[in-house]
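Participant: The residues making up each chain are set out below.
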Amino acid sequence: MRRLLLATASIAALCGGAQKALSQEAPTQTLRIAIAEDGDVLDPSVARTFVGRIVFAGLCDKLFDLNEKLEIVPQLATGFEYTDPKTLILTLRPGVKFHDGTDMDAAAVKYSLERHATFPGSTRKAELGAMDKVEVDGPLKVKITLKSPSSPFVSQLTDRAGMIVSPKAAEAAGKDFGLKPVCAGPFKFVERVAQDHITMERFPEYWDAKNVHFAKVVYQVIVDNSVRLANLQAGAIEIGERIGATDVDAARKDSKLNTAVFPSLGFQSINFNLGNGPKSKLPLGSSALVRKAFELSIDRHALMQVVYNGLYPATVQGIPAASPFHNEALKVPERDIAKAKALLAQAGVKAPVPITLTVSTSSDQKQVAEVIQSMTAEAGFEVKVQATEFASMLSAESSGDYEASAIGWSGRADPDGNLYSFMYTGAPLNDWKYSNKDVDTWLDAARATTDVATRKALYAKITTQLHADLPVLYLDNNPWITVSNKKLTGFRPIADGMIRIQGMVLAK
Amino acid sequence: MRGHLGQRLLQVLPTLLLVSILVFCLQQLMPGDPALVLAGEERDPAVLAAIRTELWLDRSLPIQYLHWIGGVVRGDLGFSWRIRQPVIQLVTTKLPVTLQLGAMAFIIAVGIGVPMGILSAVKRNTKWDYIANGVGLAGLSTPNFWLGIMLILLVSVKLGWLPPSGYVSLAEDWRQSLATTIMPAFVLGNAIAAVLMRHTRSAMLTAMDQDYVRTARAKGLPERVVILRHALRNALVPVVTLGALELGTLLSGAVLTEQVFSIPGFGKLIVDAVFNRDYPVVQGVVLVTATIYVLLNLLADVLYVVINPRMRGA
Amino acid sequence: MSAVIGVAPTAASPVIPAAQSPRKLAIKRFCSRPAALIGLFIVVVFIVTALAAPWIAPYDPIKTSWTAIRKAPGALYWMGTDENGRDVLSRVIWGARASMMAGVISVGIAAGIGVPAGLIAGFVGGRTDMLLSRVVDTMLAVPNLILAIALAAFLGPSLQNAMIAIGITAAPIFMRVARGATMDAATNDYVEAARALGNPAWRVAVRHVLPNIVPPVLVQATLAIAGAIIAEAALSFLGLGQQPPAPSWGSMLNSAQRFLSQAPWLAIFPGAAIFLCVMSFNLVGDGLRDALDPRGK
Numbered sequence: 241m242r243r244l245l246l247a248t249a250s251i252a253a254l255c256g257g258a259q260k261a262l263s264q265e266a267p268t269q270t271l272r273i274a275i276a277e278d279g280d281v282l283d284p285s286v287a288r289t290f291v292g293r294i295v296f297a298g299l300c301d302k303l304f305d306l307n308e309k310l311e312i313v314p315q316l317a318t319g320f321e322y323t324d325p326k327t328l329i330l331t332l333r334p335g336v337k338f339h340d341g342t343d344m345d346a347a348a349v350k351y352s353l354e355r356h357a358t359f360p361g362s363t364r365k366a367e368l369g370a371m372d373k374v375e376v377d378g379p380l381k382v383k384i385t386l387k388s389p390s391s392p393f394v395s396q397l398t399d400r401a402g403m404i405v406s407p408k409a410a411e412a413a414g415k416d417f418g419l420k421p422v423c424a425g426p427f428k429f430v431e432r433v434a435q436d437h438i439t440m441e442r443f444p445e446y447w448d449a450k451n452v453h454f455a456k457v458v459y460q461v462i463v464d465n466s467v468r469l470a471n472l473q474a475g476a477i478e479i480g481e482r483i484g485a486t487d488v489d490a491a492r493k494d495s496k497l498n499t500a501v502f503p504s505l506g507f508q509s510i511n512f513n514l515g516n517g518p519k520s521k522l523p524l525g526s527s528a529l530v531r532k533a534f535e536l537s538i539d540r541h542a543l544m545q546v547v548y549n550g551l552y553p554a555t556v557q558g559i560p561a562a563s564p565f566h567n568e569a570l571k572v573p574e575r576d577i578a579k580a581k582a583l584l585a586q587a588g589v590k591a592p593v594p595i596t597l598t599v600s601t602s603s604d605q606k607q608v609a610e611v612i613q614s615m616t617a618e619a620g621f622e623v624k625v626q627a628t629e630f631a632s633m634l635s636a637e638s639s640g641d642y643e644a645s646a647i648g649w650s651g652r653a654d655p656d657g658n659l660y661s662f663m664y665t666g667a668p669l670n671d672w673k674y675s676n677k678d679v680d681t682w683l684d685a686a687r688a689t690t691d692v693a694t695r696k697a698l699y700a701k702i703t704t705q706l707h708a709d710l711p712v713l714y715l716d717n718n719p720w721i722t723v724s725n726k727k728l729t730g731f732r733p734i735a736d737g738m739i740r741i742q743g744m745v746l747a748k
Numbered sequence: 151m152r153g154h155l156g157q158r159l160l161q162v163l164p165t166l167l168l169v170s171i172l173v174f175c176l177q178q179l180m181p182g183d184p185a186l187v188l189a190g191e192e193r194d195p196a197v198l199a200a201i202r203t204e205l206w207l208d209r210s211l212p213i214q215y216l217h218w219i220g221g222v223v224r225g226d227l228g229f230s231w232r233i234r235q236p237v238i239q240l241v242t243t244k245l246p247v248t249l250q251l252g253a254m255a256f257i258i259a260v261g262i263g264v265p266m267g268i269l270s271a272v273k274r275n276t277k278w279d280y281i282a283n284g285v286g287l288a289g290l291s292t293p294n295f296w297l298g299i300m301l302i303l304l305v306s307v308k309l310g311w312l313p314p315s316g317y318v319s320l321a322e323d324w325r326q327s328l329a330t331t332i333m334p335a336f337v338l339g340n341a342i343a344a345v346l347m348r349h350t351r352s353a354m355l356t357a358m359d360q361d362y363v364r365t366a367r368a369k370g371l372p373e374r375v376v377i378l379r380h381a382l383r384n385a386l387v388p389v390v391t392l393g394a395l396e397l398g399t400l401l402s403g404a405v406l407t408e409q410v411f412s413i414p415g416f417g418k419l420i421v422d423a424v425f426n427r428d429y430p431v432v433q434g435v436v437l438v439t440a441t442i443y444v445l446l447n448l449l450a451d452v453l454y455v456v457i458n459p460r461m462r463g464a
Numbered sequence: 004m005s006a007v008i009g010v011a012p013t014a015a016s017p018v019i020p021a022a023q024s025p026r027k028l029a030i031k032r033f034c035s036r037p038a039a040l041i042g043l044f045i046v047v048v049f050i051v052t053a054l055a056a057p058w059i060a061p062y063d064p065i066k067t068s069w070t071a072i073r074k075a076p077g078a079l080y081w082m083g084t085d086e087n088g089r090d091v092l093s094r095v096i097w098g099a100r101a102s103m104m105a106g107v108i109s110v111g112i113a114a115g116i117g118v119p120a121g122l123i124a125g126f127v128g129g130r131t132d133m134l135l136s137r138v139v140d141t142m143l144a145v146p147n148l149i150l151a152i153a154l155a156a157f158l159g160p161s162l163q164n165a166m167i168a169i170g171i172t173a174a175p176i177f178m179r180v181a182r183g184a185t186m187d188a189a190t191n192d193y194v195e196a197a198r199a200l201g202n203p204a205w206r207v208a209v210r211h212v213l214p215n216i217v218p219p220v221l222v223q224a225t226l227a228i229a230g231a232i233i234a235e236a237a238l239s240f241l242g243l244g245q246q247p248p249a250p251s252w253g254s255m256l257n258s259a260q261r262f263l264s265q266a267p268w269l270a271i272f273p274g275a276a277i278f279l280c281v282m283s284f285n286l287v288g289d290g291l292r293d294a295l296d297p298r299g300k
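Residue numbers (our numbering), protein chains in the order written: chain E, 241 to 748; chain D, 151 to 464; chain G, 4 to 300.
Bear in mind the hints are in silico, worked out from the structure with no lab data behind them.
All C-beta atoms, glycine included, are put in the ideal place defined by N, C-alpha and C.
Any given hint might turn out to be false.
Unchecked claim - Pair by pair, the computed Cβ-Cβ distance ranges are: (1) D:Ile213 to E:Glu411: 27 to 35 angstroms; (2) E:Ser602 to G:Trp69: 19 to 27 angstroms; (3) G:Ala196 to D:Gly284: 15 to 23 angstroms.
If we strip away everything but chain E, and leave its shape as in the complex, we get (with noise of 0.2 angstroms):
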């Protein structure tokens, strides 16, 4: 029960092939960051946006970082290790300062997690479920008591859970710390123009400040994907994240620019509603088999293809491909109309078969739903395509007002994340009231241990069961598109889709 991170190896990784510009003088240069979309408040304890993610890489550290293999890697602490499986101690750190030049110590760990755990309005909740208490077990060493064993828990440290705040301006600044956020990151806040840019400026006592060369960092919100592109074509943003699949080809043709396309941990899906009100009474929900007929009209491949130019890997299951749980035993399968009609006439019901599929108003999400709707056309289905704007989407879901709707999800680390709050019963995001007991039981097994081979084992029974069940269909593993500019350099390509700035150098 004992495990300790290889420290030291990861830290080298980190600047990566970027050392050769570096001087000892302070840096001038600025990085400009283009986002897809505005975030939502600069608080971890309450931050619920993927783009929010992307601007804390740059302002708040966290207690573990992933590294390309998607290891647990040292950040703020050095090391964890359980004592029992219900008692994990953390070491910190020596000599990490805050923004406001405070000390980050096991106090200030043990009042961050805490506040993510039990601030009024808090989204880390969940995250921290699992956490009975927090102690100081010395100035750099604390210790977290499980309320059972969670082998997700350290994982999630290495998101916003883990993120350490300044004790001091946290407590002082209180409902309004997101404001003016003060943390142990390579950045410090400066300012934020809503819907236009956030700006940071170096903080020089960063514990890593040898690889930050950057004095300041700019994240400037560009909505429209070809307006994205159109600035870093023109050369007045440095890197931009999300960029269409459908750009790539002129990205890649421009040889001032990098395009980078690497395997995220999200996906997308159509979920069915199951058991959430009287749209699950409608074949689709009440059925596996029409379900299934569902699922073999759609060729994933083409639809992809189509959709994506190909770029999106099509898959079948909720654990990605990168991450070591996912499960190769499960193919995609291949369309086939005949069996598709088959399984319509088993399950007793007449086509056409009438469906109401809900998408987000994205011209992407209506272009998937619009070639699902001829694909499957041809077994005996009729889709009626609803494109809905997101917080009617959400409330839809929420109060079972639809019968199979289309989303998306950034993904997390470990598999647990992309899988426990949609599929156990009653959990948060299983809008779709799916129930199965094994699954349960098996969702909380794999939960319960920390051994590798018997958590796959886990997963493999619960991602086949899944896909017998069919209360979500995966669609693809979403891939993250990065596109930078050639003189940027260092940009790591890890399936978080985060962009941290440590290491990345620009030429000159």
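Once you have looked at the hints, place chains D and G on chain E.
Facilitator: Same frame as chain E, but now just chains D and G:
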């Protein structure tokens, strides 16, 4: 005249009150629960309940309204639920951006629209009329956001003359500021120019046929004087009224344009707030917009009375 | 449009001597303007296209073809194919239905509500005017796209509801224009004379005032059709208008946005259709205005 103005001023407050009630009710009609949007992935009932309590969403509608309007009376517009910045701060950072854009667009619109309207009315049924009409028609018939995207592709990406998007304030660097706003201002102004041109032409034609214009002509006044002093003055009555209305609607015209050019102005602020169900921002911004709009209308009314001699007695 | 055309026959009556039927005179004047005739011709072509779409469209507008994705215009597909391999020409033809309906019906709704309200407010005056004007002030003071979004979201996403939302949103400006013109007309000598002769108020309003407000309402209506077609596009963009896969020019433009550099024809043709359609409505509106307002001769 003074009585008329006083009466109009008295109408401002009830109108604004009605606006605030209308917006409050519209928000409730829209589907979508703000607490759900705010909770994001954390859809635990306890978290939802905590959010509702904090934001007064669990109280009755009239109480919510009174709570908000009570703050407004004390000069507090509340804070954005999404990013927690005070609404006042959002308004004061965004309003100048849209005002700059609007002013530039309006200058472009008046500069093109009014002279073209006069020209086409005076030179009626000549090639000048047809050219002016053709240009006006083209402006009117082009969808705004389409024109915006085409301009970005042509001027910024292909030719590299202007930055494709973003915004720099006048105070920061006035050259850069003009460079970033000239394209969106043109896109916005071009449509309004066409509207103004048509109104000017229509009003000029009517005015030129009135008795007093005929009389002026019969008196042997030079044509230029007849047109500018007599006809134009009367033609300006509807143009001013409609022009003020256009200026007001410019705020919503700015929405899509601001989106295309990534200009962080009022239009983008309010649309995003509607979609995020960030009610305090929607309410605050609509209230400010409505105030500006109502004041502009008041101004148009005053001008209407000042330049229309017939209305003075009324 | 129908509401506007409906008032045309009475339009010229108070000012034209009864020598020739005013309707014939108006038609004659309209026909003497080539630009108006061209406009009318194009409008008719669009209307016929919209009605006859099932017969003249070369392909099924929602039939996808995975082997013909984003093909440039050529002999087989005159306007190319879209991101799902559907024929753009067929979609433009079918899209005429949605977009023309969005333009014409919503303006009809707007004029149908706004013009009577404006007439009443301007003619009756007093408290009625006060009340109606407050309501209109209130609606105009809210940015109209916001009003349309809220109404459309409330009514539920569909083309019909989008048209209702756009119509209601555009009604106040018709009321404003009609009210202003009514007040202007009411100060005319012949109206005062008609009143003095003891004609009932409604009769004076309909026979003597209404014709005078037609020109400004017509100008407004031609502008509003353009605005309504574009507003439908904006609502479609936000998922509150035409639902996929059925085409409207606006929704086609919006999905084209993702492929501007790779497949510009996806944006050019629906854009051109909007342009042409709106322009021809404007030409007809101009012609009607001149035909109905003989003083402008």
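Participant: With reference to the structure, classify each hint as holding or not holding.
Facilitator: Tested hints:
A hinted range of 27 to 35 angstroms holds for the C-beta pair D:Ile213 and E:Glu411, which are about 32 angstroms apart. A beta carbon spacing of about 21 angstroms between E:Ser602 and G:Trp69 agrees with the range 19 to 27 angstroms that was offered as a hint. At about 42 angstroms, the beta-carbon gap between G:Ala196 and D:Gly284 misses the expected band of 15 to 23 angstroms.
Checked against the numbered hints given earlier, the structure breaks only hint 3 and satisfies all the rest.
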